[in-house]
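Participant: As given, the protein sequences belong to chains A and B, one line each in that order. Our numbering applies: residue 200 is where the first sequence begins, and numbers increase by one. Our numbering applies: residue 11 is where the second sequence begins, and numbers increase by one.
Quick caveat, the hints were computed from the structure, so don't treat them as lab data. Among the hints, a few may not be true.
[As the list claims (entries may be wrong)] Looking from chain A toward chain B, a few residues come up when the C-beta cut is under 7 Å (computed):
1. Gly635
2. Gln639
3. Ala643
4. Ala644
5. His647
6. Ala672
7. Ser679
8. Glu683
9. Gly706
10. Ser710
11. Gln711
12. Asn739
[As the list claims (entries may be wrong)] Here chain A is said to cover these stretches of chain B; the calculated rule only asks that three of the stretch's residues, wherever they fall, bring their Cβ under 8 Å from a Cβ of chain A:
13. 50-58
14. 91-100
15. 114-121
Computed from a prediction, not measured in an experiment: that's the story for all the values here. Just so you know, even glycine gets a beta-carbon here, dropped at the ideal spot from N, CA and C.
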Amino acid sequence: MKHPIFAAAATATFVAGVIVGHYAIPRSVRLSAPALSAANEISTRSSERTSPTPSMSAPNQVNPAVSLSENIIGAIENAAAHPGNRQVYSEVNELIENLDPKDVRPVIDAIQHLPNARERNAFMSMLIVRWAEGDPRGALDYAQTENAAEKGWLVAEVVGTWAEHDSAAAMAWVTQTPSGQERNGALQSLVSALVEKDRQGALSFVQALPAADQTAALYSPIFSGWASADPVTAGQRALQLPAGPIRDMALQVVGSRWSEQNAEAAYAWANGLPIGQGRDNAMQSILSRWAGTDPERAANAALGLPTGSARDQAIADIAQQWAERDVRAALAWTEKLGDGGGQQGAWSRVLSTWAQNEPDAAATYVASLSPGEAKDLAVGTIARQLASSDPQTALSWIEKLPDQTTRQNALEPLVSQWSETDPKAAAEFAIDKSSGEARQNLLAAISHQWAQNNPGAALAWAQGLSDSASRDAIVPGVVSVVAEDDPSAAAEMVSRLSGDTQLLAAGSLISQWAGTDPQAASDWAAAFPPGETRDQLLANVMNRWVKSDPYAAATWLATLGADSSRDAAVGAFTSRIASIDPQTAVQWAATISDGAMRASETEAALQVWLEADPAKASAWIANSGLPDEIKARFLPPQS
Amino acid sequence: MKRNRWFKWIGVAGLGLMLSALAVPAAQALTVNAFVVRQVCLNGDVVQVTLSATVSPAQPAKYRWDFTNNGTFDTALNSNPKVTHNYPDERRFTARVRAVNARGVVAFDTVTFVTRRCSGGGG
Chain A
200 MKHPIFAAAA TATFVAGVIV GHYAIPRSVR LSAPALSAAN EISTRSSERT
250 SPTPSMSAPN QVNPAVSLSE NIIGAIENAA AHPGNRQVYS EVNELIENLD
300 PKDVRPVIDA IQHLPNARER NAFMSMLIVR WAEGDPRGAL DYAQTENAAE
350 KGWLVAEVVG TWAEHDSAAA MAWVTQTPSG QERNGALQSL VSALVEKDRQ
400 GALSFVQALP AADQTAALYS PIFSGWASAD PVTAGQRALQ LPAGPIRDMA
450 LQVVGSRWSE QNAEAAYAWA NGLPIGQGRD NAMQSILSRW AGTDPERAAN
500 AALGLPTGSA RDQAIADIAQ QWAERDVRAA LAWTEKLGDG GGQQGAWSRV
550 LSTWAQNEPD AAATYVASLS PGEAKDLAVG TIARQLASSD PQTALSWIEK
600 LPDQTTRQNA LEPLVSQWSE TDPKAAAEFA IDKSSGEARQ NLLAAISHQW
650 AQNNPGAALA WAQGLSDSAS RDAIVPGVVS VVAEDDPSAA AEMVSRLSGD
700 TQLLAAGSLI SQWAGTDPQA ASDWAAAFPP GETRDQLLAN VMNRWVKSDP
750 YAAATWLATL GADSSRDAAV GAFTSRIASI DPQTAVQWAA TISDGAMRAS
800 ETEAALQVWL EADPAKASAW IANSGLPDEI KARFLPPQS
Chain B
11 MKRNRWFKWI GVAGLGLMLS ALAVPAAQAL TVNAFVVRQV CLNGDVVQVT
61 LSATVSPAQP AKYRWDFTNN GTFDTALNSN PKVTHNYPDE RRFTARVRAV
111 NARGVVAFDT VTFVTRRCSG GGG
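In isolation and in its complexed conformation, chain A is listed as follows (with noise of 0.2 Å):
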């Protein structure tokens, strides 16, 4: 869910930064003679000015009845009230650029009436550059009496501009800034500006900057401008960062602006790096690239890539792109990859553009499938689909459909969809109208939706059923959704349950929130009272925690006083370590209070110990204080 935004909200301020230095940047274009005539007649109605109206009637024509500071003025207001309209943005850049900048100050002041701040603002950036050009140190100053909205991006502006002219000094006067705001868009600035005139002395500014200085932003200019202008030497820059997320960003963007340029040479070059996030990063944004050009080739170079998740990825991005473009000849490329080739994503995603472009051609495509697990999850697929624009259209669909299982599974994601706006309805039509698994597999489907916009009201919903399976379907999934934000409340929630449901519910939680705060996963779970429950959490957390954090783990686990709960941890430890450090897993599974556990736990890790290192576990075996019978099963027999 956060993804969405995230990428959104970094789209919007990607366009919104190349619409507006769109308008800002042009030089040459003129404005033409109606916009300026509008511009004086909206100086003539001014009630605000007295001077006399400038009356220009050809492009860059300035009245010399009036200043410059007042053709300014009236062109702002011009333009102000055209919103959007670029040759009069253009105009008033011109006009600004003929500005003494000893005059900016007065022409700042007359323009603070605007009622509109983002045509206010693009207007003050114009002139605080001016001023900059001319006065860094007095621009500086104006700036930084402004509010704290405006202040940092004015301040950012008059440094940009002064490191254009004398980067030593901005250098020097950013250096020294304080920490908090108003340093961070002032070195991003300076270092937009650097990185045109000294692309590694740039970054070896940003290098010798403290480390809380440090960022991913402030790099990304550097290796954008790099990449665009000589990918390889940026490329090999980028790779002698410090391995990092930094070090990521900056192999990715040159990989994005390599590509825009070279796919080919981008994939070769991506093709060679470090296997890592960097890498993938970085592939992934040449592949996706290079699929809008020549999918064919980029879907071929992809199945080259490691397996994993990357490649995965990759391919599904591929495929979908492809889809858009030809989506008969990637559904024919997907249904070529085998199994561990990322092929039911591909083939998902080639499926949901297809059904969006083509619903019934691809709806058709899908009912003639062989039934299987490939069918379920394209029936799914297709039906989501459909549910999106049409949900009557879907479910006639589904009633169609041949048996009674898939059609059980495209009903799935049209609840699902349904739970978006009435998800009581959407759960009750499942209570009424299924039984059984496929009950519990729609009431599933239904919680998470439900938990994301009212996990209350899903949880006391799922509380007054009386039917303890429809209610167990529902409630781990409403903490599951909570547990992602907030697993506090997802464990209030858990309190207030009981029985089996709590016992299901307390168990999604800890697996997640093991995963994420594994202490405060083991603090919660070890307050239950001693029983069965609290055996069985504890060695969910550890079965968790030992994936992420094996040492950490220990540590945790040797705070424990002996009882059946250490027991079931050090268990789950040892079976989770054995397979990467057996030694320690016998060492530990030797804690054991309970006897014959000890003993299985402990032949258990042996075992593997034996199969991975004989010499060294036979060793250890004959050295120990484990019982002769035991001894006698693994080490083979004295001669």
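Dock chain B against chain A, hints included.
Facilitator: Only chain B this time, still in chain A's reference frame:
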């Protein structure tokens, strides 16, 4: 006046953010976590084990279980992750779950457990 740097920077920074955002799906690939809900003795030596799973990020998914991790799935594809299976008591087992989300992204997990001792009755 050469150009409006601030807006240009917004554009570049926006591109960086967008690229980072696009990288997120790979970094946040679907993960599934299998867990044991409870074990109940059915008679002298049979334990009914309830298993379940959660996916992260939380989203609707479908699950299949391989109760003994022998490579063959023992259940059909279900949206409800909760399953029960009967095992002999006092034995170690590994169950494997496969989850697939609406976009066809697949994830696996295993959970290893020792079935409880049932000698002497149910519970």
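Participant: If a hint holds in the structure, say so; if it doesn't, say that too.
Facilitator: Evaluated hints:
1. Gly635: violated (11 Å)
2. Gln639: With Cβ-Cβ at 4 Å, under 7 Å, it holds.
3. Ala643: Holds. Min distance 4 Å.
4. Ala644: Status holds, d = 5 Å.
5. His647: holds (5 Å)
6. Ala672: holds (5 Å)
7. Ser679: Result: holds, 5 Å to nearest chain B Cβ.
8. Glu683: holds (5 Å)
9. Gly706: Where the cut-off is 7 Å and the nearest Cβ of chain B is about 5 Å from Gly706/A, the hint holds.
10. Ser710: Where the cut-off is 7 Å and the nearest Cβ of chain B is about 4 Å from Ser710/A, the hint holds.
11. Gln711: Since the shortest Cβ distance to chain B is 5 Å, the answer is holds.
12. Asn739: For Asn739/A, the interface hint holds, since the closest Cβ of chain B sits about 4 Å away, which is under 7 Å.
13. 50-58: violated (count 0)
14. 91-100: Held - the region 91-100 of chain B has 3 residues with a Cβ nearer than 8 Å to chain A, which meets the minimum of three.
15. 114-121: holds (count 4)
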